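One letter stands for each residue in the lines below.
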Amino acid sequence: MRHYEVMVILDPTLDERTVAPSLDTFLNVIRTSGGNVEKVDIWGKRRLSFEIKKHAEGIYAVLDINSEPDAVKELDRQLSLQESVLRTKVMRRETA
Amino acid sequence: MPKPERRPGKKKPNPLITAGIDTVDWKDAVLLRKFISDRGKIRARRVTGLTPQQQKQVAVAIKNAREMALLPYPGPARS
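First to last, the protein sequences are chains A and B.
When the letters of the first sequence are read in order and numbered with my numbering, they come out as residues 23 to 118.
When the letters of the second sequence are read in order and numbered with my numbering, they come out as residues 62 to 140.
To be clear, the hints were calculated from the coordinates, so they are not data collected in a lab.
Keep in mind that this is a model prediction, so the values were computed, not measured.
Some clues are possibly wrong.
[What the hints assert, rightly or not] Listed below are several chain B residues computed to face chain A (Cβ distance under 8 Å; list not exhaustive):
| # | residue |
| --- | --- |
| 1 | Val85 |
| 2 | Lys88 |
| 3 | Leu92 |
| 4 | Val108 |
| 5 | Glu128 |
| 6 | Ala130 |
| 7 | Tyr134 |
| 8 | Pro135 |
C-beta atoms are modelled at their ideal positions from N, C-alpha and C, and glycine is treated no differently.
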């Protein structure tokens, strides 16, 4: 088990209220493989410092996850297939 | 108002220690903004007054933050 931080930038045209439930469906990959989701932090809309796919803004979300490497890899793959996900980043967080 | 003149050889105050931060978080764009110029370049260590280890941490954090559009990539000056 390892601790991961996944940051996701979502399409700003999405309704912010639908973000949490839709992210949650993706997180089932983690849960079914024995990992657990520590925190889902939705920052909300934020200006991007440069355009991504012609969008000047994005909805940021940070997921704190304890899970196996393969499960996170699968989560990242599924997120990146989504049209509404502009960008993802997975970071290993060392337990300080 | 001019800043108080620093005598040569006198060290700058370390900005991370004064802020009470020991590990740099790449998601903290407000903090990292202090270490980039208005063109988006990472400031040199002699400007930031960081230790070599901290400077490396900050540099890696800035590069990660850039990938997620939290900070700009270097380019022509803009405000």
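**Prompt:** Quick check: which numbered hints come out false for this structure?
**Reply:** Of the numbered hints, 1, 3, 4 and 8 do not hold.
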